[in-house]
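Read off the chains here:
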Amino acid sequence: MKKTKLTPYLMILPYVIFFITFISFPVIFSFILMFHKWNIIAPMQFIGLSNFYHLFHDSLFFKSLLNTLIFLIVHIPLQIIIALFFAVMLNQKIRFIGFFRAAYFLPVIVSGVVVTILWQQLYGFESGMLNRFLSAFGIAKVGWLEDSNLAMMSIAIMATWKNVGLYIILFLAGLQTVPNYLYEAADLEGATSWQKFRYITLPMINPTVFMVVILSTIGGFSLFIEPYVMTGGGPLNSTLSAVLYIYKQGFFFYHMGYASTLGFFFAGIILVVIVIQKKFVERDA
Amino acid sequence: MKKFITYLILSIGAIVFVYPFFWMLSASVAPESEISKLVLLPNSPSLNNYSQVIDKIPIFRALCNSLLVSSIITIGVLLFSSMIGYALSYLEFKGKNLLFYIIVFTMTLPFQITLIPQYILVVKFGMVDSYLGLIVPYLISGLGIIIFRQYFKTIPIDMIDAARIDGCGEFRILFTILWPNAVPAIITVAILTFMGSWNEVLWPIIVIRKEELMTMPQLVTLFAVGGRAESQLGVKLAAAAMLALPIVVAYSFFQKYFIQSMASSGMKN
Numbered sequence: 001m002k003k004t005k006l007t008p009y010l011m012i013l014p015y016v017i018f019f020i021t022f023i024s025f026p027v028i029f030s031f032i033l034m035f036h037k038w039n040i041i042a043p044m045q046f047i048g049l050s051n052f053y054h055l056f057h058d059s060l061f062f063k064s065l066l067n068t069l070i071f072l073i074v075h076i077p078l079q080i081i082i083a084l085f086f087a088v089m090l091n092q093k094i095r096f097i098g099f100f101r102a103a104y105f106l107p108v109i110v111s112g113v114v115v116t117i118l119w120q121q122l123y124g125f126e127s128g129m130l131n132r133f134l135s136a137f138g139i140a141k142v143g144w145l146e147d148s149n150l151a152m153m154s155i156a157i158m159a160t161w162k163n164v165g166l167y168i169i170l171f172l173a174g175l176q177t178v179p180n181y182l183y184e185a186a187d188l189e190g191a192t193s194w195q196k197f198r199y200i201t202l203p204m205i206n207p208t209v210f211m212v213v214i215l216s217t218i219g220g221f222s223l224f225i226e227p228y229v230m231t232g233g234g235p236l237n238s239t240l241s242a243v244l245y246i247y248k249q250g251f252f253f254y255h256m257g258y259a260s261t262l263g264f265f266f267a268g269i270i271l272v273v274i275v276i277q278k279k280f281v282e283r284d285a
Numbered sequence: 286m287k288k289f290i291t292y293l294i295l296s297i298g299a300i301v302f303v304y305p306f307f308w309m310l311s312a313s314v315a316p317e318s319e320i321s322k323l324v325l326l327p328n329s330p331s332l333n334n335y336s337q338v339i340d341k342i343p344i345f346r347a348l349c350n351s352l353l354v355s356s357i358i359t360i361g362v363l364l365f366s367s368m369i370g371y372a373l374s375y376l377e378f379k380g381k382n383l384l385f386y387i388i389v390f391t392m393t394l395p396f397q398i399t400l401i402p403q404y405i406l407v408v409k410f411g412m413v414d415s416y417l418g419l420i421v422p423y424l425i426s427g428l429g430i431i432i433f434r435q436y437f438k439t440i441p442i443d444m445i446d447a448a449r450i451d452g453c454g455e456f457r458i459l460f461t462i463l464w465p466n467a468v469p470a471i472i473t474v475a476i477l478t479f480m481g482s483w484n485e486v487l488w489p490i491i492v493i494r495k496e497e498l499m500t501m502p503q504l505v506t507l508f509a510v511g512g513r514a515e516s517q518l519g520v521k522l523a524a525a526a527m528l529a530l531p532i533v534v535a536y537s538f539f540q541k542y543f544i545q546s547m548a549s550s551g552m553k554n
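In the order they appear, the protein sequences are chains R and C.
Quick note on numbering: this note's numbering labels position 130 of the first sequence as 130, and the sequence is numbered without any gaps.
For this note's numbering, add 285 to where a residue sits in the second sequence, where the first one is 1.
The hints are simulated quantities; they were obtained by calculation from the structure and are not laboratory data.
Be a bit skeptical, because a hint or two may be false.
[Said to hold, decoys possible] Derived lysine to any residue pairs resembling SDA-like cross-links, with alpha carbons at most 25 Å apart:
#1 R:Lys196 to R:Val178
#2 C:Lys409 to R:Val16
#3 C:Lys495 to C:Ile357
#4 C:Lys381 to C:Pro395
#5 R:Lys93 to C:Tyr292
#6 R:Lys248 to C:Tyr416
#7 C:Lys495 to R:Phe252
#8 R:Lys278 to R:Phe62
#9 C:Lys288 to R:Lys278
From just these sequences and the hints, can you work out the full model?
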């Protein structure tokens with residue numbers, strides 16, 4: 001019978017090894033690195049709290065935070081409104097629903113690299129599709145990626161286009177859980193469409209809204225390939241994202257200690273932001 | 286009338302999401318001079334841009350690398366996740382609850398913390414510029430474990446008890462009895478894992494420097510960012526189209542499964 005007692009431990013062994021090597025060791029090591037200066041090649045050098053001092057005086061750290069904030073302010077509401085709109089549209093007796101779902105979902109499955117290369121052309125100043133479209137209506141060309149006030153917003157719009165299909169599907173699933181008798185009861189009371197939406201639909205799909213907010217927030221702090229390919233973080237660092245900045249410090253300048261400090265702070269900020277959002281969404285329900 | 290407006294809006298939406306891809310394909314076969322005016326189809330299409338991509342970068346080698354890495358990761362994740370999910374569902378052992386909480390907690394840990402030290406680990410293990418460096422850190426997936434655990438809960442325990450009485454070992458029960466009954470979970474985990482690793486770029490960019498080991502998204506990224514595309518739009522778009530093709534083909538066959546899998550992973554987050 002000794003064999004049967006060993007089997008469970010054998011089965012979970014891969015996870016235990018993985019957890020020790022690739023999770024707990026990195027977290028501890030990253031914590032230690034925060035107090036050191038290290039370029040991987042030379043020996044580690046203890047520098048106390050210097051990395052923290054540097055961080056609080058690093059304008060690029062704050063710039064990347066501000067950029068992420070701009071991204072989230074554009075991305076989250078846009079994502080929720082568009083996804084909800086199309087989900088409500090699809091939540092009727094219509095034909096070709098499979099076709100529409102598949103079409104909206106297409107950008108979700110395609111690599112971010114493809115989407116970014118494609119949108120770089122759409123956003124092109126001289127001959128990009130968007131500016132050609134605007135010109136046809138006599139509107140002046142827009143410097144989507146050239147204007148430092150607009151560049152992050154442009155990336156947020158692109159990210160919305162890429163991800164919103166997933167949220168259309170999630171909202172649609174959420175809408176289908178709302179029991180019909182609630183609407184019927186509201187009809188008897190003479191409620192308007194808006195009232196039904198505001199007081200029945202919205203509270204029922206609140207968990208989905210919260211999920212969209214969280215996933216978009218994590219996405220905002222994880223932006224990398226979009227600015228890396230499109231703008232390299234420019235113009236004037238206006239699209240420098242959190243992960244792009246960690247990447248630059250770590251793999252461009254080989255400031256491993258400082259890059260770890262950035263990683264820790266960004267991770268902490270993500271968790272704090274999510275807790276605040278949770279409070280906010282729950283109160284709003 | 287209301288129906289008509291609904292269909293009109295839904296169709297405009299479909300055009301907004303699909304047309305850019307159509308334009309990309311069309312521009313990738315257009316001569317450079319036509320791209321800036323292109324709306325639907327080019328006047329004189331040619332595969333010139335594609336042959337330039339093939340000449341300039343080892344794109345087929347990269348395709349094979351991506352297929353190899355993503356397949357091994359997917360097989361590994363399926364084996365390990367189902368094993369750990371099985372242990373969590375049907376077996377008794379010390380620290381079972383603790384293990385479950387650790388898995389869930391680990392899933393919420395932002396990767397920004399572990400990125401730098403994981404790279405250092407890969408350097409110390411001598412796995413920089415090797416397939417192992419791309420594969421090993423991705424062999425375990427918390428989400429995969431959770432999906433299998435959830436699914437195994439729906440399978441009646443009688444089935445397992447009966448097999449145990451017949452003297453079946455736990456590994457045999459898992460792979461010969463549960464696997465054939467857990468096809469939906471296997472498909473979900475397989476699609477999520479394969480897609481995730483196929484589309485991953487940041488980690489390959491950090492770990493791989495040798496061109497012959499690069500994955501497809503990495504190679505296309507460096508091609509688009511570096512000077513080798515010589516700022517020719519058509520060539521960049523051809524490279525992007527080649528990168529998109531495999532997953533779009535897979536999507537067109539298994540569209541329903543892709544949507545279901547992604548939606549269920551969203552729910553669990």
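Evaluated hints:
no., hint, result
1, R:Lys196 to R:Val178, "holds (11 Å)"
2, C:Lys409 to R:Val16, "holds (20 Å)"
3, C:Lys495 to C:Ile357, "holds (20 Å)"
4, C:Lys381 to C:Pro395, "holds (24 Å)"
5, R:Lys93 to C:Tyr292, "holds (11 Å)"
6, R:Lys248 to C:Tyr416, "holds (24 Å)"
7, C:Lys495 to R:Phe252, "holds (17 Å)"
8, R:Lys278 to R:Phe62, "holds (24 Å)"
9, C:Lys288 to R:Lys278, "violated (37 Å)"
Against the hints set out earlier in the document, a violation occurs for number 9 only.
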